[in-house]
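Residue numbers (UniProt numbering), protein chains in the order written: chain Y, 1 to 547; chain P, 1 to 547.
Because the hints were derived from the structure by calculation, they are not lab data. These numbers were taken from a predicted model, which means no experiment stands behind them. Careful, some of the hints might be misleading.
Derived contacts from chain Y toward chain P, CB cut-off under 8 angstroms, selection only [to be verified]: (1) 412; (2) 467; (3) 546.
Quick list of simulated restraints, FRET-style, between CB atoms [to be verified]: (4) Y:24 - P:244: 47 to 55 angstroms; (5) Y:450 - P:244: 24 to 32 angstroms; (6) Y:70 - P:62: 50 to 58 angstroms; (7) P:280 - Y:317: 55 to 63 angstroms; (8) P:56 - Y:31: 49 to 57 angstroms; (9) Y:70 - P:90: 25 to 33 angstroms; (10) P:446 - Y:545: 53 to 61 angstroms.
Backbone N, C-alpha and C define an ideal beta-carbon position, used for all residues, glycine too.
2 protein chains.
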Amino acid sequence: MSFNAPVSDQRLVLRDVVRIGELPAASDPDLVDAVLDGAAALAEGEFAPLDRIGDTVGARWDNGVVRMPEGFKAAYRSFVDGGWMGLSAPEAAGGQALPLALSAALMEDLNAANIGFALCPMLSFGAIEALERHGSDELKRDYLPKIVSGEWPATMNLTEPQAGSDVGALKTRAEPNGDGSWRIFGTKIFITYGEHDLADNIIHLVLARTPGAPEGTRGISLFLVPKVLPDGRANDLRCVSIEHKLGIHASPTCVMSYGDHGGATGWLVGPEMGGMRAMFTMMNNARLNVGLQGVGIAERATQRAVAYALDRRQSGKAIAEFPDVRRMLLRMRALTSASRALVYYAFGQLDRGLAGDPVAAMRAEVLTPLAKAWGTDVGCEVASLGIQVHGGMGFIEETGAAQHLRDARIAPIYEGTNGIQAADLVGRKLGLDGGLAFDGLIADIEAEATDPLLIALTDAVEVAAATMRARSGDDRMAGSYPFLTMCAVMVGGWLMERLAKSPDADDRVRATSAFFLSSVVPEAIGLAAAAESGAEQLYVVSAEALA
Amino acid sequence: MSFNAPVSDQRLVLRDVVRIGELPAASDPDLVDAVLDGAAALAEGEFAPLDRIGDTVGARWDNGVVRMPEGFKAAYRSFVDGGWMGLSAPEAAGGQALPLALSAALMEDLNAANIGFALCPMLSFGAIEALERHGSDELKRDYLPKIVSGEWPATMNLTEPQAGSDVGALKTRAEPNGDGSWRIFGTKIFITYGEHDLADNIIHLVLARTPGAPEGTRGISLFLVPKVLPDGRANDLRCVSIEHKLGIHASPTCVMSYGDHGGATGWLVGPEMGGMRAMFTMMNNARLNVGLQGVGIAERATQRAVAYALDRRQSGKAIAEFPDVRRMLLRMRALTSASRALVYYAFGQLDRGLAGDPVAAMRAEVLTPLAKAWGTDVGCEVASLGIQVHGGMGFIEETGAAQHLRDARIAPIYEGTNGIQAADLVGRKLGLDGGLAFDGLIADIEAEATDPLLIALTDAVEVAAATMRARSGDDRMAGSYPFLTMCAVMVGGWLMERLAKSPDADDRVRATSAFFLSSVVPEAIGLAAAAESGAEQLYVVSAEALA
Chain Y
1 MSFNAPVSDQ
11 RLVLRDVVRI
21 GELPAASDPD
31 LVDAVLDGAA
41 ALAEGEFAPL
51 DRIGDTVGAR
61 WDNGVVRMPE
71 GFKAAYRSFV
81 DGGWMGLSAP
91 EAAGGQALPL
101 ALSAALMEDL
111 NAANIGFALC
121 PMLSFGAIEA
131 LERHGSDELK
141 RDYLPKIVSG
151 EWPATMNLTE
161 PQAGSDVGAL
171 KTRAEPNGDG
181 SWRIFGTKIF
191 ITYGEHDLAD
201 NIIHLVLART
211 PGAPEGTRGI
221 SLFLVPKVLP
231 DGRANDLRCV
241 SIEHKLGIHA
251 SPTCVMSYGD
261 HGGATGWLVG
271 PEMGGMRAMF
281 TMMNNARLNV
291 GLQGVGIAER
301 ATQRAVAYAL
311 DRRQSGKAIA
321 EFPDVRRMLL
331 RMRALTSASR
341 ALVYYAFGQL
351 DRGLAGDPVA
361 AMRAEVLTPL
371 AKAWGTDVGC
381 EVASLGIQVH
391 GGMGFIEETG
401 AAQHLRDARI
411 APIYEGTNGI
421 QAADLVGRKL
431 GLDGGLAFDG
441 LIADIEAEAT
451 DPLLIALTDA
461 VEVAAATMRA
471 RSGDDRMAGS
481 YPFLTMCAVM
491 VGGWLMERLA
501 KSPDADDRVR
511 ATSAFFLSSV
521 VPEAIGLAAA
531 AESGAEQLYV
541 VSAEALA
Chain P
1 MSFNAPVSDQ
11 RLVLRDVVRI
21 GELPAASDPD
31 LVDAVLDGAA
41 ALAEGEFAPL
51 DRIGDTVGAR
61 WDNGVVRMPE
71 GFKAAYRSFV
81 DGGWMGLSAP
91 EAAGGQALPL
101 ALSAALMEDL
111 NAANIGFALC
121 PMLSFGAIEA
131 LERHGSDELK
141 RDYLPKIVSG
151 EWPATMNLTE
161 PQAGSDVGAL
171 KTRAEPNGDG
181 SWRIFGTKIF
191 ITYGEHDLAD
201 NIIHLVLART
211 PGAPEGTRGI
221 SLFLVPKVLP
231 DGRANDLRCV
241 SIEHKLGIHA
251 SPTCVMSYGD
261 HGGATGWLVG
271 PEMGGMRAMF
281 TMMNNARLNV
291 GLQGVGIAER
301 ATQRAVAYAL
311 DRRQSGKAIA
321 EFPDVRRMLL
331 RMRALTSASR
341 ALVYYAFGQL
351 DRGLAGDPVA
361 AMRAEVLTPL
371 AKAWGTDVGC
381 EVASLGIQVH
391 GGMGFIEETG
401 AAQHLRDARI
411 APIYEGTNGI
421 QAADLVGRKL
431 GLDGGLAFDG
441 LIADIEAEAT
451 DPLLIALTDA
461 VEVAAATMRA
471 RSGDDRMAGS
481 YPFLTMCAVM
491 VGGWLMERLA
501 KSPDADDRVR
511 ATSAFFLSSV
521 VPEAIGLAAA
531 AESGAEQLYV
541 VSAEALA
């Protein structure tokens with residue numbers, strides 16, 4: 001089924017939620033339209049047609065080489081030639097310095113069209129930011145333009161077999177060569193696009209431990225380790241295998257081995273033992289981008305389900321006319337729209353923060369766990385509803401609906417599991433700036449919200465937040481996930497109400513907003529008890545007793 | 001990972017929820033224990049070891065022949081030799097006439113161990129009941145003993161390309177031969193175990209239309225069409241292809257063609273044009289059995305997740321000790337236990353109904369849509385949580401967690417989509433016996449429930465039910481799905497509270513019951529607004545506008 005980028009929805013969100021016109025670089029609405037239209041054409045024309053072959057054939061490993069399915073190389077070339085990688089990269093590195101909120105629209109489209117493919121450029125966004133902020137002048141000179149152009153895609157190498165969510169447990173080590181370069185030794189797992197044949201070089205950003213560095217995250221440094229060295233020789237690194245996964249089959253998930261033959265050559269990004277700071281720069285960006293994966297898949301699944309439900313007839317009418325099918329379609333559309341509004345809004349706050357607004361910067365931090373966790377939960381729920389709308393055909397792989405659920409299911413896991421996002425929300429973001437960052441968001445919602453259910457949810461969030469703040473440790477963490485969902489639905493409801501009030505809103509926007517407020521918001525109120533329940537009930541019996 | 005049948009949980013539910021001791025055929029606790037232990041040994045020793053090969057190799061079609069993976073034939077032989085197929089079949093046909101609630105424990109175990117395999121015997125349960133109730137003496141004599149022994153598995157043939165949920169649209173036709181037999185012509189799709197190499201014969205129950213029969217479901221008749229005719233010749237039927245599905249790969253989902261060479265020979269089951277009545281006999285049984293698929297997968301996914309979370313260490317401790325992981329594990333266990341209690345309770349009411357209790361028979365009818373829809377929703381949610389507990393490893397197919405979600409996802413679709421279950425609940429079951437069947441259930445819960453949240457949910461269900469009854473048509477259907485979830489959680493909460501009060505309850509039972517009441521029940525209260533929302537908001541915009 002063809003994909004239609006949701007340009008008019010994106011335009012409305014950028015205008016009335018992000019208020020992108022207030023950002024100097026994007027004050028020209030024609031420019032915004034041109035980017036949206038161009039991204040749509042790229043996603044629809046180049047990425048979407050390869051979604052199915054990406055799933056069925058997938059990336060294939062052969063003795064260290066990873067081959068992408070037919071057509072991927074040419075499509076990637078179109079992406080590079082269009083200058084899309086540099087959309088919001090610094091002008092000094094050849095980018096266009098447009099707002100991240102515009103890159104968000106691009107990435108949503110690419111995710112919707114072909115998430116397994118879109119992961120390749122996605123990794124470079126964070127790398128550009130990390131290198132720009134923390135890299136030496138030499139590294140920036142030698143690598144940034146090629147990454148910004150898209151010619152050399154980048155990767156993030158954090159995870160090791162014993163170090164998943166606990167990054168501080170990593171063992172990869174780096175030894176100085178004395179000339180400013182380092183030798184890297186170690187094995188990394190779950191490396192997205194760690195190896196492939198889309199480009200002549202791949203730039204790996206690798207976390208490793210330097211000699212004498214303390215244990216834990218404090219002792220970690222970030223290194224740039226290119227697949228091909230500046231002198232044209234192959235670096236001492238290798239893709240040992242790729243994983244057989246539930247979904248995103250186009251995306252090679254690599255086991256990478258560094259330094260089997262004397263050490264892979266790399267250079268520090270940022271100061272020694274400053275790796276986590278540089279990595280967080282990449283991760284925050286990546287978390288919002290993963291939230292966009294949820295939005296993109298939700299959009300695609302909704303389009304597919306609506307088309308099927310209009311086409312498929314039972315008992316003399318299209319199944320879209322049956323109330324429960326219509327309810328599912330409306331729910332899919334409402335969740336998709338609300339998650340888009342939330343994630344774009346977060347990107348917009350990031351843009352304002354980068355432009356010097358400290359309040360917006362902190363709000364972006366508060367919004368990041370909501371956008372990542374709820375956006376990806378929405379992706380899974382909407383993909384699953386999409387299967388349900390298809391009935392028996394939804395379970396048949398050729399239909400395409402099932403792929404969306406398989407693809408979507410990774411997003412709540414990587415870039416910090418959604419549980420880690422929830423822990424980040426209640427552990428760190430709730431207290432950011434003495435609590436003002438979170439409370440300011442609530443205050444803005446209270447000032448604008450008019451729907452009684454939305455107001456009731458906001459009140460419930462305030463009560464739960466007060467409960468959380470009065471607690472510590474496990475007792476605060478216990479209800480973190482339902483609390484995060486309440487917060488995300490509150491923000492989504494606020495922005496949906498705002499969209500419905502826009503003079504440009506059409507009947508569809510008003511109908512999905514009304515449904516979100518009347519049906520989704522009260523569900524979130526129902527989570528209050530779980531959010532406030534505390535840890536005691538979780539530990540009444542041992543985990544062994546639950547087996 | 002090995003599977004451990006949840007024998008002690010099953011025993012507690014059978015004793016204190018089903019109150020199986022009150023059923024004459026199962027008044028001996030030692031007999032109940034022997035069945036539970038035997039079913040556990042079969043599931044653990046014969047079915048579970050084939051779960052992975054069933055998924056990875058799956059059923060394979062070759063020119064009309066379907067070959068099951070290695071080991072399936074021998075394991076099926078063990079099932080037949082143990083007499084398991086006839087556990088609750090009539091003694092006259094060689095069965096043991098034990099309660100259906102005991103067969104439920106057997107099927108839960110087989111589903112948990114290997115759902116793709118368990119589908120084979122599952123189809124025969126309904127066929128036995130349909131044939132016993134509606135078949136002629138000759139058909140019973142010739143076919144029932146072999147189906148009851150398991151030697152000849154049975155199938156259900158309803159669906160056609162143009163007739164999915166709308167069975168009345170089917171076109172398969174039957175023409176009389178004049179000797180009591182009929183010639184069947186037509187194509188059926190989605191036929192589970194329509195062809196395989198586990199047995200010498202397969203007995204197809206096929207819905208078809210006789211000459212001059214009226215349109216719609218009134219004109220449908222049920223036929224028994226064996227793969228091998230009584231004289232040993234092959235019948236004129238053929239498996240044209242099997243589907244490539246998201247999950248349950250071991251189960252061949254067949255396109256069946258009848259009568260390509262002059263007509264497949266069949267015999268009427270029940271009167272001409274009495275097909276739907278006979279089919280409903282099969283379907284009601286099958287719906288509860290599909291509910292058990294959800295329970296079984298939830299059990300398996302929970303066991304796997306707990307084992308992983310105890311084994312996997314991060315930051316110096318097992319991840320099962322982290323609050324949000326523990327919350328997921330407890331939620332998985334609580335949902336599994338509550339759905340088991342609900343489905344077994346429904347089977348127990350069916351048993352009482354068959355023994356002559358009309359109130360119980362009607363309560364079973366009320367419970368059937370709850371058991372099917374919510375049981376299968378629980379299966380999907382728990383399987384998805386199981387992936388999340390595994391983190392990145394959950395997305396890797398070799399881990400096994402992902403298979404459970406792929407397998408679980410069909411259950412909300414087949415045997416009447418969950419949306420159809422919800423329509424059945426509010427359209428038919430809410431008014432059964434003038435509403436007394438539903439109200440009697442509420443009254444029993446109100447008489448026993450002590451938890452304030454459970455009482456609040458029951459009140460909310462009563463209010464929503466009154467709203468539903470005051471409405472008709474689409475307006476009533478609009479909120480049917482959230483209403484069903486509320487009802488199911490209410491019944492699950494009621495039975496969980498009862499279990500926790502049992503003198504045999506251990507800490508685990510009390511802890512999971514407390515979690516269910518404090519965290520899951522309030523979520524269901526949050527569905528009240530959606531349940532009562534009515535159809536207007538669904539049709540504000542056309543379905544086309546949601547694309």
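Hints, verified against the model:
no. : hint                              : in the structure
1   : 412                               : holds, 6 angstroms
2   : 467                               : violated, 14 angstroms
3   : 546                               : holds, 5 angstroms
4   : Y:24 - P:244: 47 to 55 angstroms  : holds, 52 angstroms
5   : Y:450 - P:244: 24 to 32 angstroms : violated, 50 angstroms
6   : Y:70 - P:62: 50 to 58 angstroms   : violated, 28 angstroms
7   : P:280 - Y:317: 55 to 63 angstroms : violated, 24 angstroms
8   : P:56 - Y:31: 49 to 57 angstroms   : holds, 51 angstroms
9   : Y:70 - P:90: 25 to 33 angstroms   : violated, 59 angstroms
10  : P:446 - Y:545: 53 to 61 angstroms : violated, 32 angstroms
Checked against the numbered hints given earlier, this structure breaks hints 2, 5, 6, 7, 9, 10; the rest are met.
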